[in-house]
Amino acid sequence: MNKIKLENFLDDIEINPEVKEFWARIAYKLSPEEIEAFIILKKYNPQDLIKAIDILMRREKALLEKDFQALKKILKKEKDILRDLIFEVKIG
Amino acid sequence: MVRYNKKMEKLEDINKEQNKVETLTNKEDGLIESNKEKKIETIQAEEKEFLDEIKESTLDVFHFASKEKFQKAFRTVALATVLLTSIGEKAFAERDEHIKDPAAVITEIDKEIEQIIATAEIDDEIDKQRDLIKEKYDQEIIIGEDFSFEELKDLDDALEIVHDLAPKKFNELKLIFWKHDLKILKEQFVAFPNAISGASELKEIEDKSSNEIDFIKRVAINSNTNKIDSNKKNNYEIILIPNKTDMNYADIAKSLTCFWRISISNRESFVNSYRDTIIHEFGHIIPINDSIDYEKMEDKFDKLNDKVVEGKTINEILEDVKNPKLKRPNGCVSAYAVTANNLEKAYLSSRGTSKAQYNSSESIAEVFSYMALGFNYADDDLIVQEKIKVLEEFLNEKSNE
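Chains as they are written, first to last, in my numbering: chain A, 1185 to 1276; chain B, 51 to 451.
Pulled out of the complex, with its shape left as it was, chain A reads as follows (with noise of 0.2 Å):
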């Protein structure tokens, strides 16, 4: 294993250079189960790594600014998104 796959690991997906240098930051601070989750999501649902990526970057800036009502707002919005992703998998 080198650093490089998996600091290139968001290369081929068309995000903006702040999401990359996000994830460069963090790639070697998750754990194995952190990457495997990362690794599904964008093998089989690009789209909900672009977001979930966006709420972490956006939960870390509210954290460095002490705004808790961005993370309030943080907050719902993983509640609206995994609420009707649930319903899905147990009643749809």
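Each hint should be verified, as a subset may be incorrect.
[Said to hold, decoys possible] List of simulated lysine-lysine pairs, DSBU-like, C-alpha gap at most 30 Å: (1) LYS105/B x LYS1227/A; (2) LYS1263/A x LYS377/B; (3) LYS1250/A x LYS1204/A; (4) LYS1250/A x LYS105/B; (5) LYS1250/A x LYS1227/A.
None of these hints come from the bench; they were simulated from the model.
Keep in mind it's a predicted model, so treat the numbers as computed, not measured.
For chain A, the structure is supplied; the task is to place chain B on it using the hints.
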């Protein structure tokens, strides 16, 4: 100078006032900061709780949902896991670096997904096979958990064979097939006639039982108690069935050469031994379900078996079994009816001179198997012919009920 001093005092007072205001402002700022941190912590705790719950409840899907839902479940679990990632320098500072090759991870995940989908397909097949068995017959049939597709296929084949031989008697049965995983029972199939009143009693016994042995004991006690209670004649029969993969019939046949049932003996291959042992168990259950006629039939078998024994010793009887051309005692379709009673004695050669005994219950079950499987190797044996006639009469009689 005095003037200067007064000015200085005034200035000091002003400074003190300013300091007071500054301290107050700092305190207020501190309070605001601390409030913010508390609010952030509360939101983060709520977020973690929500995402954990989503993840856990989605993982349940893998236990029961159809395979079409697996992909969605994977998506949900993966998304929740990604969103659970702790972000920020402080969070990361506590972690070690985890370096893993994404290509290797992808391969692993692909394998896992393939395996889960393959398992789901097998589960679908098992469910279909289970439904097929239940739908085929117009009667109560309960099939327990953990049967493999192959085992259910054998069960299906066995039921068809038994039904073809004795449709009326078969249709009177209410059946529970229960897979056991007890090493202590080894390869044993066990039939408990008239054991359980229904699914709710079965569940009750399961709940009360501390383990599988306890469960079987309770079923056995029920079966014995109900045997003498004429009000409980219409109960379910339970057949305990072992794991097919645990069975090595070739070894059973080798190690217990005189312990020959039709399902094992006289075979070039043991491919149908599992199915045929289920058929043997029906050779117990069908007759016993009709208790009055069963007693009459058992008496007739006892008399026929007496003719076979005619004062012979166990060793003399077993000579027939060792005879490669016969492989069964004269008057019997297999050795099982005699070895079932005399196995221990037969192994203890000093007692091999004891008078041989027959087990008519096993004798009936073996003749039942012989007829159901369409054998004819003992058709020229007059006593076997008599036994077949007695059993045929019983199977064609109308039920007492």
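- What are the numbers of the hints the structure violates, in ascending order? Numbers 2, 5 - these are the hints that the structure violates, sorted from lowest upward.
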